[in-house]
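Quick note, the sequences are listed as chains A and B, same order.
Numbers given in the working numbering equal positions in the first sequence, counted from 1, plus 118.
Numbers given in the working numbering equal positions in the second sequence, counted from 1, plus 1.
Hints are not guaranteed to be accurate.
[Said to hold, decoys possible] Label pairs and their in silico Cβ distance ranges:
| # | chain 1 | residue 1 | chain 2 | residue 2 | range |
| --- | --- | --- | --- | --- | --- |
| 1 | A | Glu430 | B | Ile21 | 48 to 54 Å |
| 2 | A | Ser509 | B | Ser47 | 25 to 31 Å |
| 3 | A | Arg247 | B | Glu43 | 26 to 32 Å |
| 4 | B | Ile57 | A | Ser243 | 29 to 35 Å |
| 5 | A | Asp593 | B | Ile53 | 25 to 31 Å |
| 6 | B | Met69 | A | Ile429 | 35 to 41 Å |
| 7 | A | Ala403 | B | Leu123 | 17 to 23 Å |
| 8 | A | Arg247 | B | Leu123 | 52 to 58 Å |
| 9 | A | Phe153 | B | Ile21 | 24 to 30 Å |
| 10 | B | Ala121 | A | Ile310 | 40 to 46 Å |
None of these hints come from the bench; they were simulated from the model.
In this text the structure is predicted, and so the values were computed from the model without any measurement.
Note that the Cβ used here is the ideal one computed from N, Cα and C, for glycine as well.
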Amino acid sequence: MENKISLWWKGHRPSKRRLIQLYSALLYNANLKGFVSGRIYTGNTKALCVPGFNCYSCPGAVGACPLGSLQASLAASGKHIGFYIVGIFLLYGLIAGRTICGWVCPMGLIQEILHKIPTYKLRKSRVTRVLSYLKYLILAVFVFAIPLWYGLKHDMAVPGFCKYICPAGTFEGAMALLANKNNSGFFGMLGILFTRKFVIMLIIGLACVFCYRSFCRFLCPLGALYGMFNKLAVIGVKVDMDRCNGCGLCVRKCKMDVKRVGDHECIHCGHCIDTCAQGALSLKAGEFTLKAPAKGCAGDTEQTVEKRKKIERTAWTVAIAVLVLALLFYNVLSDSKDKKDAGSDTAAVQTAKRDEVKEQSSDISPEGNGSGTEAGDDITGGDPASGYESSADIGYNVGERLEDFSVKCLNGSTFTLSEYKGKVVFINLWATWCGPCVAELPYFNDFLHEHADDVAMLACHSPSVSEDVEEFLEDKGWDIPFAIDEDGEGVFRVTGGSNTLPQTIVLNRKGEVIYNEIRSVTPEMLEKLYVQAAGDKTVNDRADEALNEAVDVDTEDETVSDAADLNAKDEAVNDKADEAIEEAADVDTEDESVNEAADAETEDSFAPYGHDIGDRLPDFTAKCLDGSIFTLSDNTGKITVIHLWATYSKDSIEGLRELDAFCREQGDKVAAIAVHNHYGSGKAAEYAKDIDVPVAIDNGDEEIFRLTGGSMMLPRTVILNERGEVIYNSRGLLTGEQLETFLMKK
Amino acid sequence: MSVQSIICILAVILLTGAAIGIYGKGKAAKAEDPTAYIYTRESAVSAAAPGIFMLITGFGFSIAGAVMGIRDENDDKSVPADVCKDAMKRAVDAHNAKKPEEAAARKGRMYKVRLGVLIAALICIIAGMVNGNMKDILIKAINICTECIGLG
C-alpha cells in the first residue's frame with residue numbers, strides 16, 4: 119500500500135515550475151485578509167509592478183498589474199510621460215522575457231490547471247500559429263490606441279484591454295470582490311460591461327480546457343510585449359548548438375506556437391529540456407544553469423552539479439522566508455492604511471465610517487461647531503440641526519440626515535450644505551483618473567442648468583490627486599462647484615466616500631439622504647432621483663407648469679408689460695417685440711388697430727438671437743432621414759414645433775408620436791421637425807418609420823441641440839411663432855392636446 | 002470528449018445563459034425605473050447556482066480522475082513534423098556555418114546591448130519616479146478601477 123502511494127506521488131507530485139507558479143501567485147496576492155474583508159490593499163508597494171498578469175483590483179494583490187499600469191500611463195501621457203512603466207518593461211524584459219509567462223504568471227497557472235481536465239485537446243497547427251498573431255493586434259488597439267485616444271483627445275482614462283477583454287480583471291477583481299458579502303453595493307453597478315466580460319471570461323476558461331494556454335497564445339498582450347525581449351532576455355532556455363542535431367522534437371512536443379526554441383512564442387517552460395534526447399537544451403540565467411538536461415550540461419563536473427544544488431536549496435530557503443515575511447507583513451503587521459487613506463468602499467468600512475460620523479455628531483454642541491468636523495483642511499463643522507428640520511439620525515445611509523459641512527470650492531466660493539435648505543442637493547464624488555466619473559460629469563452639468571433654481575450641486579474630487587484638477591477643468595466649461603477633499607476627512611468622510619468611484623449622494627429638501635451609491639448615473643436616473651427627492655413634482659407636472667406659465671403670460675391679462683416681463687425673464691425683448699406686444703394688447707383691450715398688430719406679427723423679427731422666450735431662433739438646415747431638407751427660415755409665417763428627442767428616452771418617443779398626430783390634424787398650419795441627438799442615434803430610423811414629421815439626426819457638433827438649448831435631458835419642445843421667435847422652450851412630454859391648448863390660447 | 006469536459010461546456014452554457022437572462026430582465030426593469038439594479042446578489046446567486054454546481058461537479062470528476070491515474074494521452078502527442086518546418090535544423094546548419102570568432106563577437110555585442118538596455122531601464126524608472134508616473138500608477142492601483150474589472 120505504502121509503495122502504491124509513493125508511486126502515485128512520484129507520478130503526480132507538482133514540478134518545480136508548478137511550485138514556483140503557485141509561489142508567485144501567492145506572493146503577488148499576499149494580502150489574504152483582503153479576500154475576507156473584501157477590501158483591496160492600499161499600501162505603497164502597490165506602486166511596484168509585479169512581472170506577471172495579476173489584477174491590481176484583486177483584494178489580495180500587493181503590487182500593480184504591469185499591463186493595467188501601462189494603460190493608465192498611456193491614458194495619462196498628456197500629463198506625465200510613462201517613463202516608469204517603460205523602465206519596468208525594459209527591466210523585466212531584459213531579465214526574463216517570456217520566462218515570466220511560463221514560470222511566474224498566475225494567469226498561466228490558472229490556464230494550465232484548466233488544461234489538466236482530461237479531454238480531447240486541440241493541438242497546435244498552422245491555424246493556431248496564425249491566431250497567435252492576434253495578440254499583437256490586441257496590444258496595438260486595446261492597450262495602446264484606445265487609452266491614448268481617450269487620454270489625449272477626451273482627457274478620460276479608458277483602459278481598453280482591461281475594460282473590454284481582461285479575464286484576469288473579471289476573475290480576480292470583479293468576482294473576488296462580488297463574492298464578498300461586504301460588497302453587495304457593487305451589484306448596483308453591474309450592467310452590459312459586466313455581462314460581456316463575464317461571458318468572455320467563461321469562453322476563455324472553456325477554451326483553455328481544450329487548447330493549451332489559449333489566452334496566453336492568442337490574446338495576451340503582456341506576452342506579446344515580453345515576447346519582443348525573448349532573444350535579449352538573460353534567463354531562458356538556451357540551445358547548445360554543438361549538441362543539437364536539429365531533429366526538431368523539442369518544437370514538435372512544445373504546446374506553444376514556437377518555430378524554434380527561444381523565439382517570441384517560447385515561454386521557456388522547460389518542457390523541451392526533458393524531451394531532448396541529445397541533452398542540448400538547458401534553462402540558463404546568463405552562464406548559470408537553472409535547469410540542466412538529464413545527461414548534464416557540457417563541461418559539468420560533480421562539483422558544479424553539487425554547487426548548483428546548493429544554490430537551489432539556498433534560493434528556496436530565501437524564497438520561503440520572503441513569502442512568510444510577506445504574509446506576516448501584509449496580514450498581521452500592516453494596517454493597510456485603508457481606513458485612513460480611503461481604503462475601500464465596502465459596507466464594513468462604510469458602517470465603521472457611519473459610526474464615526476454619528477459619534478462625532480453627538481459631540482456637536484447646540485451652540486456651534488462639533489469636534490468631529492475639524493479634521494479636514496477645508497471643511498468646517500456646522501450645527502447639523504441648524505440647516506434642516508428633519509429629525510433623522512446623522513449619517514450617510516438612505517433615510518439618515520447628512521452632517522452639515524462647509525467646503526472651499528476651486529472657484530473660490532464656499533459650499534455650505536445648510537445654506538441649501540429647501541433645495542434638492544446632489545453630491546458627486548469623482549476623480550480625474552476615473553473614466554466613468556469624467557464621462558458622467560456632463561450629465562450633472564446639464565442637469566444643474568436645467569434645475570438651477572431648485573437644485574444645489576457639489577462635485578468633490580477624491581483625495582487621490584494625480585494632476586492639477588483646476589487645469590483639467592479649465593476647458594471643460596462645467597459650472598458645477600468643484601472641490602477637492604485633500605485628506606479624505608472632509609466630504610468623503612461625511613458622505614461615506616471611498617476609493618471606488620463614481621459615487622453620487624442625493625439629499626431631499628430636508629437634507630435626508632435618499633440615494634447614496636457607487637454607480638454611474640444617466641440623465642434619466644438624475645431626473646428620477648430629482649423627482650424622488652423633490653417629492654412633489656413629476657417631469658410632466660413641470661412641463662404642464664411651464665406650459666401654463668407661458669400661456670398665462672399672454673392670456674391672463676391685462677398688462678402687456680407684465681407679460682413682457684414674464685416672457686423675457688432674463689433677457690430684454692427688443693423694442694420691436696415690445697411694440698408688437700403692445701399692439702397685441704390693444705387688440706385685447708378691444709381697441710381698433712387690429713390690422714396694424716397683424717401687420718406687425720408678419721414683419722421680420724428683430725429680436726436678438728437665442729433660444730429663450732422672446733428670442734429669435736437662429737436659422738438652421740437639417741437633412742432629414744427621408745432625404746428631405748428642413749430649413750427653419752423656409753417656415754416663416756407658420757407656427758414651428760421643434761421636438762428634441764432620443765431613443766433612450768421613452769417620453770421623447772411618446773412625444774414624437776403625439777407631435778406626429780398633432781401635425782396630421784393641423785395640416786399646413788404647423789411646421790415641425792423632430793431632431794435626434796447625434797449620440798446613440800443608431801435606432802432613430804426605426805422609430806421614425808411610421809412618422810410623418812420629418813426626423814433628422816443632429817450633426818456631430820449637436821448644432822441644433824446647441825441652438826435650441828437642448829441637452830441630454832429629453833424630450834424638449836421648442837415652439838416658434840410665425841416670426842421665428844421662441845414662445846415655448848421647455849423639457850418634458852407635451853401631448854397633442856397640450857400643444858393644441860397652448861396654441862389656441864396663443 | 003471526457004465527462005469533465007462535457008460538464009464544463011454545460012456549466013459555461015448555463016452561466017452564460019444566466020448572465021444574459023439576468024441582464025435582459027434587469028434591462029427591462031431599468032427601462033421602467035432608471036435607478037433599478039440590473040443584477041442583484043439574489044438574482045445572481047439563484048441564476049448561477051446550476052452552472053456553479055456543474056463546475057464543481059466537473060472539478061470533482063477531474064480530481065477523481067487524477068487520483069485514479071486517468072490521464073489524457075492526447076496531451077503528450079507531438080505535432081506532425083511538417084507543421085514545424087525543421088527550423089531547428091536550419092538553426093543548427095547556420096550555427097555550423099559560422100566561424101567561432103563570429104559567435105564570440107555576437108556574444109560580445111549581445112552583452113553590450115543588454116548593458117545598454119539595463120542602463121536605459123534604470124534611468125527610465127528613476128525618471129518615472131521623479132516625473133509623477135509612478136504616482137499615477139500607485140493611484141490607479143490603490144483605487145478600485147470599476148471599469149477595468151468590468152463592474153461598470
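Results for each hint:
1. A:Glu430 to B:Ile21: 48 to 54 Å: 50 Å, holds
2. A:Ser509 to B:Ser47: 25 to 31 Å: This hint is violated: roughly 39 Å between Cβ atoms.
3. A:Arg247 to B:Glu43: 26 to 32 Å: 46 Å, violated
4. B:Ile57 to A:Ser243: 29 to 35 Å: 33 Å, holds
5. A:Asp593 to B:Ile53: 25 to 31 Å: 49 Å, violated
6. B:Met69 to A:Ile429: 35 to 41 Å: The hinted range 35 to 41 Å holds for B:Met69 and A:Ile429, with Cβ atoms some 38 Å apart.
7. A:Ala403 to B:Leu123: 17 to 23 Å: This hint holds: roughly 19 Å between Cβ atoms.
8. A:Arg247 to B:Leu123: 52 to 58 Å: Because 36 Å falls outside the window, the suggested range is violated.
9. A:Phe153 to B:Ile21: 24 to 30 Å: 28 Å, holds
10. B:Ala121 to A:Ile310: 40 to 46 Å: Distance hint for B:Ala121, A:Ile310 holds at roughly 42 Å.
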